[in-house]
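Engineer: The chain contents come next:
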Amino acid sequence: MEQFLQQVVNGISLGSIYALIALGYTMVYGIIKLINFAHGDVYMIGAYIGFATITYAKLEFFPALIVTMIACAILGMVIERVAYKPLRNSSRITVLITAIGVSLLLEYVMMFFVGAEVRSYPKVLSEQVFHLGSVVLNMQQIYIVVTTIALMILLQFIVHKTKTGKAMRAVSIDQDAAQLMGIKVDSTISYTFAIGSGFAGAAGVLVGIYYNSIDPLMGIMPGLKAFIAAVFGGIGSIPGAMIGGLSIGIMETLVSGYGNSLYRDAAVFAFLIIILILKPTGLLGKNTREKV
Amino acid sequence: MKKGLIFLLTIVFVVGLMTGCGGGAKNTTGDGGAADSAAKEVKIGINYELTSGLASYGEASVDGIMMAFDEINAAGGINGMQIKPVKFDNKSDAAEATSLATRLMTQEGVVACLGPATSGCYMATIPVAMGNKIPIISASATADEGVTTTAKGDVNEYVFRLCFNDSFQGVTMANFAANNLKAKKAVIIQDRSSDYAAGLTKNFISTFEAAGGTIVDKEAYVAKDKDFNAILTKIKGEKFDVIFLPGYYQEAGLVIKQARDLGITAPVLGADGFDSPVLLELAGATALNDVYFSNHYSSLDKDPLVQNFIKAFTEKNGKAPNAFNALGYDLGKYIADAIKRAGSTEPEAIKDALAGTENFVGVTGSFSMGADHNPIKSIVVIGLKDGVQDTSVKVDVK
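Heads up: the protein sequence lines correspond to chains A and B, in order.
In this text, residue positions in the first sequence follow our numbering: the first is 1, and each later residue adds one.
In this text, residue positions in the second sequence follow our numbering: the first is 293, and each later residue adds one.
Hints in this document: simulated from the structure, not taken from any laboratory.
Ideal placement from N, C-alpha and C gives every residue a C-beta, glycine not left out.
Possibly wrong hints are sitting among the right ones.
[Stated by the list, open to error] Short, incomplete list of chain B residues facing chain A, as computed with Cβ under 7 Å:
#1 A522
#2 K526
#3 E530
#4 K632
[As the list claims (entries may be wrong)] Simulated coverage check for chain A against chain B, where a stretch passes if three residues somewhere in it have a Cβ under 8 Å from a Cβ of chain B:
#5 129 to 138
#6 203 to 213
[Unchecked claim] Derived DSS-like pairs (lysine-lysine); straight-line CA-CA distance at most 27 Å:
#7 K677(B) - K123(A)
#8 K425(B) - K379(B)
#9 K166(A) - K85(A)
#10 K123(A) - K516(B)
#11 K528(B) - K516(B)
#12 K123(A) - K528(B)
#13 K677(B) - K379(B)
#14 K611(B) - K58(A)
#15 K123(A) - K611(B)
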């Protein structure tokens with residue numbers, strides 16, 4: 001039982017990261033129906049920006065997190081403006097392939113500048129460990145979960161209580177109608193990319209601090225897992241991304257913990273196939289008819 | 293990603309061929325005049341992992357090689373010839389290593405190639421060496437099969453190495469666990485994405501079980517994983533005396549850190565893949581207690597040869613040498629020694645001299661080259677205390 005609780009704690013910390021990344025996937029998909037495969041790499045760049053701000057600018061955890069989120073938000077907007085906006089009216093496959101291109105571009109440009117070697121993260125949080133019975137919690141795990149929850153509350157607030165949020169919801173329902181109502185579609189899409197990328201950046205910093213190791217290709221696997229989380233939760237749905245992220249994290253840990261650690265990734269991807277067959281819209285996804 | 297790379301390589305290759313034709317012609321004339329003036333320098337290829345995942349090994353090896361070459365050149369070179377290293381980065385990629393080996397042997401006109409440092413990349417260059425009849429030597433490719441001998445057991449005539457193989461490391465660590473640590477039960481956490489870890493695991497299990505021990509659990513991860521909490525929590529609930537962790541430092545550092553954070557205090561055993569300063573950065577000093585790994589050399593060795601090397605290396609590079617530096621240094625000295633004994637820069641003569649090496653005295657131990665092109669040398673088991681080398685035990689070949 002205690003081991004089970006410990007595994008759940010492990011799963012929640014890992015799942016929070018996936019959830020933060022999955023939010024960006026799901027928001028972008030919701031608004032322009034694009035699977036932004038470069039999203040995992042924005043997370044990687046977030047980890048490096050966090051590394052730079054903590055190491056060279058000597059910032060504490062929270063300022064570093066905020067600087068990283070802002071920088072990633074700008075990066076997300078730039079990516080959208082440069083790579084996706086000119087293709088707004090192209091077929092979806094064109095944009096999808098462009099997204100893969102952007103992903104590779106970010107990975108190898110980073111590798112050129114920072115080298116491919118694994119770097120260890122500077123210590124900004126205390127190494128304090130808490131024992132609850134025989135369940136071990138460390139400071140980093142607490143920070144990850146608390147930061148994730150805080151950011152999600154903030155996101156819910158933005159989406160449901162602000163004008164930008166209203167515009168985002170309107171654009172996601174019907175882009176043309178929203179435009180006719182006087183909503184600036186282009187800047188709304190920009191905001192969506194900014195928010196999604198900012199969250200990915202935050203996930204990057206948290207991962208760097210938690211696992212103490214970053215490299216230019218670190219975004220690939222978590223990016224894919226977060227994508228599965230988004231699909232599981234129902235792509236396009238924000239609460240779905242949170243639930244999906246946490247579920248995938250816990251599932252991975254339980255497969256390693258009680259099954260065979262070698263099949264962990266296989267289990268997650270097999271799960272994706274099963275969802276796509278049984279319930280393609282995911283847990284909280286809406287059943288929308290494709291316009292022919 | 294691969295496609296793009298192949299496309300780029302094709303362009304590089306085509307351009308290389310065009311320019312190479314001119315260069316090749318020049319080389320032929322150069323060889324013709326080799327008897328008189330061109331014999332002033334001897335080109336040695338250096339094909340190492342200088343960037344990407346395994347860069348730590350490649351860079352360390354090259355630092356050692358360069359130091360050896362600088363010393364030899366400063367002392368007048370080999371039989372009056374200066375060594376001219378031709379250095380390339382294979383980006384820790386086997387395909388890249390192969391095309392660089394081809395380039396070094398067919399266009400750069402090297403008499404022998406050193407590296408790559410890791411088995412996967414080194415093995416990829418073997419067909420090139422055999423085809424061009426130019427010897428290649430790695431100081432650290434420890435894979436059991438397919439390096440100096442083929443799967444059938446035939447010796448690869450132009451392929452040499454300066455290190456023991458993985459089975460010897462696996463056997464040594466199993467004996468160390470059973471005899472020195474008195475362990476009865478072991479858990480294995482294996483890197484499933486490398487041949488290196490597979491070879492170590494196989495030999496560790498057979499030796500440990502033969503010594504009366506049991507393997508309680510066997511877990512696996514793949515390279516680039518960052519979260520090991522799930523498997524560590526699982527093994528925490530089991531009874532065991534040691535953890536055997538065959539893998540490379542990038543993941544090993546994180547495994548050890550997360551294990552210690554979860555309160556697992558059992559000794560952790562590994563092999564030469566642990567030997568990198570990055571291990572300490574990733575795991576932190578407090579986690580690196582009761583950690584033992586087999587290695588090629590220890591800086592604690594009192595031999596004056598070793599101590600002089602450490603002193604000279606530290607002066608030159610501003611940091612203490614690790615095993616890959618030491619192996620690289622020995623490699624540089626070894627190839628120079630073979631060329632000197634061969635008395636010629638013909639790859640064929642150099643190959644014979646390499647194979648016929650007797651009692652070569654190096655920093656990583658003295659050895660003679662065995663008939664299977666593996667050196668006959670001893671192994672060291674290093675113990676860490678607060679991240680620093682604290683103990684070393686030398687084990688000889690049986």
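Engineer: Now, for every hint given, state plainly whether the structure supports it.
Structural biologist: Now for the hints, and whether the structure bears them out:
no., hint, result
1, A522, "3 Å, holds"
2, K526, "5 Å, holds"
3, E530, "10 Å, violated"
4, K632, "36 Å, violated"
5, 129 to 138, "holds (count 3)"
6, 203 to 213, "holds (count 4)"
7, K677(B) - K123(A), "21 Å, holds"
8, K425(B) - K379(B), "20 Å, holds"
9, K166(A) - K85(A), "21 Å, holds"
10, K123(A) - K516(B), "21 Å, holds"
11, K528(B) - K516(B), "23 Å, holds"
12, K123(A) - K528(B), "26 Å, holds"
13, K677(B) - K379(B), "37 Å, violated"
14, K611(B) - K58(A), "26 Å, holds"
15, K123(A) - K611(B), "23 Å, holds"
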